[in-house]
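Note that the protein sequences, when read in sequence, are chains A and B.
So in our numbering, spot 99 of the first sequence is number 99, and the numbers just go up one at a time.
So in our numbering, spot 80 of the second sequence is number 80, and the numbers just go up one at a time.
Calculated directly from the structure, the hints in this document are not laboratory data.
A few of these clues could be false.
As the list claims (entries may be wrong) - Here are the simulated lysine-lysine pairs, DSSO-like style, with alpha carbons at most 27 Å apart:
| no. | chain 1 | residue 1 | chain 2 | residue 2 |
| --- | --- | --- | --- | --- |
| 1 | B | K272 | A | K126 |
| 2 | B | K207 | B | K272 |
| 3 | A | K126 | A | K66 |
| 4 | A | K126 | B | K207 |
| 5 | B | K272 | B | K237 |
The model shown is predicted, which means the values in this text are computed figures rather than measured ones.
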Amino acid sequence: MRTVRVNWWLTALLVVLSLTVLIPLYFAVVTAFKTPDQLGGTGFALPDGLHWANFADAWRLTGFPKAALNSAVITVGAVVLTLLTNSMVAYAIARNMDRRFFRGLYLYFVSALFVPFPIIMLPVAKQTAILHLDNRAGLIVLYVVYGLAFNIFVFTAYINSIPRELEEAAAIDGASTWITFWRVIFPLLTPMNATVGILTCLWAWNDFLLPLVILSDPGSATLPLVQYVFQSQFQTNYPVAFASYLMAMAPLFVVYVFSQRWVISGVVRGAVK
Amino acid sequence: MVVPAVLIFFVFHTVPVLQGVFYSFTDSPGYGPFELVGLRNYVALFGDPRVLHAYWFTFLIAGVSTVAVNVVSLTIAVWLNSRIAWRTTLRGIYFVPNILAILIVGYIFNYLFSNSLPALGERLGIGRLSTSLLTDSSTAWLGIVILAVWQAAAFNIIIYIAGLQTVPVDLYEASAIDGASPWRQFRSITFPMIAGFFTINMVLSLKSFLQIFDHIVALTGGGPGTDTESVALLIYKGGFQGGEYGYQSANSVVFFVVIVTLSIVQLRFLQKRETSV
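All chains should be modelled from the sequences, with the hints used to inform the complete structure.
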């Protein structure tokens, strides 16, 4: 047995450097608990007592419950629909790559990776308004559609590594393609589903530009959008603003703390493909 | 399943692209009647100082951030992949910025830059720090780059760690017997072995930084004046608020060509390098 020596110098260095990540978070937390007259200075001092009223104010001024619900509905909708549809499309394409039509489709979808969103944002905003999709449902559709390019890319790579014999066996047992997909392939896709699900979730929850240009009704505003509106209206009250930021970041942060290892491995899997 | 997917994709992705191209030849303000104006928008773009400045500024931010993010994240990834204690926890911490919304983090950084840093500068007697970084057009870009690097490094670190785990350990053992220094090992083994990951990270970073938007909205709003306007921000402002729908559509088309060209050039260049190292 070789003993693995821990490099304590490097560990110490990395711990110190991790402060660059932790300090802005620490700062957000302490500021959210202050009263306006405790601001000033470098702002790193601890608050005198926990001023919970900031959270109550932020809750009320931003309409937090409504925005959180909007974000949750959009994120869950986008993740579920993405997993159900994108995997299926990728399956159909991956298993028919020998046909020219499907190879063309693959290139068609994947080439969208090269089209940055600012290019299509003006027409899309107009189009969704005409189709009455300038709401939460429209956003879900757009996340599902705009995710296709990347998701088809990673799903097909993964599906290609699944032996075809499994499906042939299912076919002999009399399973239709539909049954085969849901009973055999979809369960096998679990690791990739986790990756795609995590990335879609982070995207839909944190995205700012798409809700900004698509949503016309303030009632369907998402959490980032609400912070934007809040910032421009109540710019001066920093403690309340920070309480609001904290509440907007908290849900994903809490989920992340408990599923950290899983989230990171999910992202890594997407990268290695 | 494939047919509806293609249809929906066509409607919400391809049609907008084509519409954008169409509107780029009109003088549409975004509503009401408009006329075809041929190439006039395109000609005007190249003589518009605001547009040219936005491109210059976007290239500056994207270029500096891409290099900085890759240097920072490759370094930290190598360290996080070596024999350190609390490896999982530390990786977990370094990944945190990636799960936070840029806009919100941007507001927090905004306060740090405009209140905390000046206060710190005053206390330490550093005159240069005592005014906000963000209100001065010669330094505001630095604030934007810091936020961009802070946020993007998280994701890049994880990708590099994934790459580093594909390098066989015996290569290091063999080179250690030959007496290679850590730097030498990095140059001759690690870096060539993860060249593919380097290419991917460089290309993706540049592409995403060229579209920089949230960072600027949160930090400067494009100001002072229009000094920190990126191309994406200009398209948004001009197209939705400035009645320049047709004009900014033309800008979008140019921007699209620029991004695709840069990505392809970068990909070619880096992949050629990959095989030669």
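How the hints compare with the structure:
{"no.": "1", "hint": "K272(B) with K126(A)", "in the structure": "violated (42 Å)"}
{"no.": "2", "hint": "K207(B) with K272(B)", "in the structure": "holds (19 Å)"}
{"no.": "3", "hint": "K126(A) with K66(A)", "in the structure": "holds (25 Å)"}
{"no.": "4", "hint": "K126(A) with K207(B)", "in the structure": "holds (25 Å)"}
{"no.": "5", "hint": "K272(B) with K237(B)", "in the structure": "violated (39 Å)"}
When the structure is compared with the earlier hints, violations turn up for hints 1, 5 and for no others.
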